[in-house]
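Undergrad: The primary structure of each chain is shown beneath.
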Amino acid sequence: MSKAKLPAVEGWFTMSPSDDTPRPVGADPVALIGTRCTESGTYFFPPERVMSRAPGFSGSELVEVELSTRGRLWSYTDAQYQPPEPFEAPTDPYEPFCLAAVELETEQLVVLGQVVAGVGIEDLVVGMEMELVLGTLYEDEDTEYTMWKWRPVAETTAGGEA
Amino acid sequence: MSVDQVAVLGVGMHPWGKWGRNFVEYGVAAAQDALADAGIDWRDVGFVAGADTMRNGYPGYVAGATFAQALGWTGIPVTSAYGACASGAMALDAARQRILSGMCEVALVVGADTTPKGFLKPNKGERGDDPDWLRFRLLGMTNPAYFAMWARRRIDLFGASSDDFAQVKIKNARHGLNNPYARYRKEVTAEAIAASPTVSSPLRLLDICATSDGGAAVVLTSMEYARKHLSSSAGSADPLVKVAAISTVTPTFPNTILEMPNFATDSAAGISRPERGFKQAIGDSAYAQAGLGPDDVDVAEVYDLSTALELDWYEDLGFCGVGEAEKILRDGVTTLGGRLPVNLSGGLACFGEAVPAQALAQVCELTWQLRGTAKGAQAENAKVGITANQGLFGHGSSVILTR
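Here the protein sequences line up with chains W and E, keeping their order. First residue of the first sequence? That's 1 in full-length UniProt numbering, and the numbers climb one at a time after it. First residue of the second sequence? That's 1 in full-length UniProt numbering, and the numbers climb one at a time after it.
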């Protein structure tokens, strides 16, 4: 029996195919959900739903938008030791993973995320292109909790020649 | 916008360590030392401000009243401040306001903490609307991971190296060797740092500050009270040290540097970035209040949560240009005997972080530096000192002391 897939956090990212929202043809299977302040043009992630935080634009409408799914690596690190609770380690024994801060050009903001398994610190370089993918944060007996993750775009990975 | 001064009449600390006792004990010990240093009886204190600790239950959240009760209720008003690592400075600011408004003449400010072993982490419970809880749950983003992201930027932007970072630790370890309040008092070699395990690349265990138990306290008074007090009685406040500035500014939108515990920065797509970033603004506000600038500073205590972060502060506080911190470090400018010694206490490298006590510990150290009575490393003839720190959720502080 295959496990149910649930987003690890509600309303922060789209999740295909279980996501019911109609999606444009060719769209990435996962995208971060942000909001945009229509008057100032600024973006918010996680999505701000109460009021625009841009000073002077408190009356502006906030519309939900999908953020760019590609960006440039602003900085990165890894977690060599298992982070404390409420972190749920996906593997036992614990396996270190990388963390990326990626700058989105259109939105002009930096978003954090774990880097997909199998990518090490030595594979990352500030400025390289990264893309958003759907990954697993952790699983329990009957559910897989999904989460957005960053992955180097294939053409720009070190791969030995860089 | 120069602000009126108040006097630092007394300071006191409980040694940092991993004592495992109740935080109240450290706070009371520090308070009693500060009162003795000031030559003031507890019953003459007109206001208590406590810096809160999240980890010690209800008494930690109401630190002002907790310390007032422990010292013996005298009926005076209290306040408690929480601003993460800037809590102590916020409590200090509350005390300054009381004095400057004429509501009291003598105020006591106390911060103390007891910390568990390992990474700082959020309190227990399922809290899906708390970004601090969520960053551990969804990302596994510890504090050192944020420090590491910033350190990586120095490497990428300015060509900094792990050895540059190690030199900060080596310097601070030397500074703290004879400081009786420091937890770690031994020299550290570049080899030992390089051999310590990586926590979050590029930072190794010895690049990152520990978490500690400790307590610090400051007695503030009006200038008039201090002059009368000093002419009529004892106390150690000679020369008299004054608070020239307390900055507790918040970021200006859009804040485009990643801050703990956030998942993302603000966006600069609609509204352009402020000319000065958040950490620069912390120092700017302090300089403006004091009517002083970076060139006037003789000694500094800055928040070395990681070795690399100390270097960021050199630039943010205007001690050197952007990208020049490694150079002034290597030139010895910030070492004892240099033009602007930084972290003569040994900094967080020798203390470890006792969050609500830390901003006050910086004030204690600078008071001793300006008086010329530091028990460890002592700057020569320092007249102006500045502190800086930063914490979660857009908090930071800077205090300028003069004599």
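Worth double-checking, as some hints may not be accurate.
[Unchecked claim] Here are the simulated distance ranges between beta carbons: (1) S58/W with G293/E: 34 to 40 Å; (2) R70/W with N123/E: 51 to 57 Å; (3) A4/W with R185/E: 52 to 58 Å; (4) E224/E with E64/W: 39 to 45 Å; (5) V3/E with P29/W: 19 to 25 Å; (6) E126/E with G41/W: 44 to 50 Å; (7) E85/W with K18/E: 16 to 22 Å.
[What the hints assert, rightly or not] From the derived model, a few chain W residues whose C-beta atoms are all more than 12 Å from chain E: (8) K5; (9) S40; (10) P55; (11) E88; (12) D92; (13) T143; (14) V153.
No lab work stands behind these hints, which were simulated from the structure alone. Quantities reported herein were computed from a predicted structural model and do not represent experimental measurements. Just so you know, even glycine gets a beta-carbon here, dropped at the ideal spot from N, CA and C.
Undergrad: Decide, hint by hint, whether the structure agrees.
TA: For each hint, the structure was consulted:
For S58/W paired with G293/E, a C-beta distance near 36 Å keeps the hint of 34 to 40 Å intact. Checked against the hint of 51 to 57 Å, the pair R70/W and N123/E fails, with Cβ atoms roughly 37 Å apart. In this structure, A4/W and R185/E meet the distance hint of 52 to 58 Å, their C-beta atoms being roughly 55 Å apart. Separation of E224/E from E64/W is about 59 Å and departs from the stated range, judged on CB atoms against 39 to 45 Å.
Distance hint for V3/E and P29/W: a CB-CB separation of about 56 Å, inconsistent with the stated range 19 to 25 Å. For E126/E and G41/W, the Cβ-Cβ distance of about 36 Å falls outside the hinted range of 44 to 50 Å, so the restraint is violated. Separated by about 21 Å at the C-beta atoms, E85/W and K18/E satisfy the suggested range of 16 to 22 Å. With a least CB separation of 16 Å from chain E, K5/W remains clear of the 12 Å interface cut-off, as annotated.
At the 12 Å boundary, the C-beta of S40/W falls inside the reach of chain E, the nearest C-beta of that chain being 4 Å off. Some Cβ of chain E comes within 12 Å of the Cβ of P55/W; the nearest lies about 6 Å off, and the non-interface call is violated. Some Cβ of chain E comes within 12 Å of the Cβ of E88/W; the nearest lies about 7 Å off, and the non-interface call is violated. Chain E leaves D92/W outside its interface by the beta-carbon criterion, the shortest separation being 15 Å against a cut-off of 12 Å.
For T143/W, the requirement that its beta carbon stay farther than 12 Å from each beta carbon of chain E is met, with the minimum near 15 Å. No Cβ of chain E approaches the Cβ of V153/W within 12 Å, the least distance being about 19 Å, so the stated non-interface status holds.
Comparing the model with each earlier hint shows violations of hints 2, 4, 5, 6, 9, 10 and 11; every other hint is respected.
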